[in-house]
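Add chain B to chain A, keeping to what the hints say.
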Amino acid sequence: MPDALHDHALEHLRYIRDTMERAGAFTALPGWGGVAMGGTASVAALVAGPPRETTRWLAVWLVEAGIAAAIGLAAIAWKIRSPGAVFVARPARRFALAYVPPLAAGIVFTAVFAANGLIARLPGCWLLSYGVALTTGGALSVRIVPLMGLSFMLLGVAAFLAPASYGDVYMAAGFGGLHIGFGLIIARRYGG
Amino acid sequence: MAGRKAAVERIPAKADVGPAKAGPHSGAKRTPLDLDRVIHERLRLGIVSALAANERLSFTDLKRLLRTTDGNLSVHARKLEDADYIACDKSFAGRVPRTEYRLTAAGRRALEKYLSHMEAIIRAAKG
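Residue numbers (our numbering), protein chains in the order written: chain A, 1 to 192; chain B, 1 to 127.
It is possible that part of the hints are untrue.
Claimed, not checked - What the simulated footprint calls covered on chain B by chain A, stretch by stretch (three residues with Cβ under 8 Å from a Cβ of chain A suffice, anywhere in the stretch; the number is not a length):
hint: 1; segment: 44-50
hint: 2; segment: 62-68
Said to hold, decoys possible - Here are a few chain A residues that sit away from chain B, every Cβ distance over 10 Å (derived from the structure):
hint: 3; residue: V47
hint: 4; residue: E53
hint: 5; residue: A74
hint: 6; residue: L97
hint: 7; residue: N116
hint: 8; residue: D168
Note that these hints are calculated values from the structure, not bench results.
Even glycine gets a Cβ: it sits at the ideal position worked out from N, Cα and C.
Chain A with its partners taken away, still in its complex shape (with noise of 0.2 Å):
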């Protein structure tokens, strides 16, 4: 009988646990670093222009997206040094799981489009593969994230959609506009 007290003490621990670990799958998102991330790509889309077939281009927003990586990463380990945070670990590495994988076809992507005389039609391929990366990532996370992983595939499509010339304008609304957008939602809602 005492093994019955303890398989149910061991029982509320796991629910409290696996409940605390899928709520906090959330908690990790940065909705100011969005916020920040948002910021910095309308000002890369500003300084890169209309995308050319130059490395200046390419650059800029390889620069830019290493800049973003950064403030992400800042942004969420300032925001899991809250209380609850201790049972982000294992959401965030399923996140990571999933999230990881589109980013890193974005990259070979970017190489063989850059190698094929293709940058002009780079936007298309990042907004696309950052949104799948965004919605498969966010399957198991609150409805607004894998909304915006699929705001940006919608944009990736229309870019692609559309003459090369406006690369720059879908990037600084993707990277840009979605970013501060669904930023200040999820500091709004989720904190931080």
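This is chain B only, laid out in the frame that chain A set:
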């Protein structure tokens, strides 16, 4: 050992429905093991746990997270509100009403105490 056995037999498998007013200030009802019945109930424990990992959660997010119904969540959230374990903020997003919950200091203390209690039971059972 006999004491532990007795305790096993007395603890309810799923203690339900604490008192309507069972906050830390009104003296929460306890199980024979002195467990806080307000959060011992599974869904209420889920609500408190989810809010411990988030600054605030909307009614819709909680419902989705805990896979429950509107009515069930409302009833149990109300009991936690009555116990001052969670606070409810109502607002409008445009014309759409929005209900958000957050854990109070009393609720966080209650969860910590409950966790300690569960860990103590496990330690005791291991002997």
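### Task
State whether the coverage of the segment 62-68 of chain B by chain A holds or is violated, taking the criterion as 3 or more residues with Cβ-Cβ distances under 8 Å.
Check passed, 3 qualifying residues.
### Message
Taking beta carbons only, do three or more residues of the segment 44-50 of chain B come closer than 8 Å to chain A?
### Response
holds (count 4)
#### Entry: Given as non-interface: N116 of chain A, which should sit over 10 Å from chain B by C-beta
holds, 44 Å
### Task
Quick one: work out the minimum CB distance from L97 of chain A to chain B and report holds if it exceeds 10 Å, violated otherwise.
The claim holds: L97 of chain A sits with its nearest Cβ about 20 Å from chain B, beyond 10 Å.
### Message
According to the definition I'm using, a residue is off the interface if its beta carbon is farther than 10 Å from all beta carbons of the partner; does V47 of chain A meet that for chain B?
### Response
holds, 35 Å
#### Entry: Distance rule for A74 of chain A, whose beta carbon must clear each one in chain B by more than 10 Å
Holds, since 19 Å exceeds 10 Å.
### Task
Mind verifying the non-interface call on E53 of chain A? Its CB should be farther than 10 Å from each CB in chain B.
Given a closest Cβ separation of 45 Å, the condition holds.
### Message
Quick check for students: does the CB of D168 of chain A sit more than 10 Å from each CB in chain B?
### Response
holds, 32 Å
The structure shown violates none of the earlier numbered hints.
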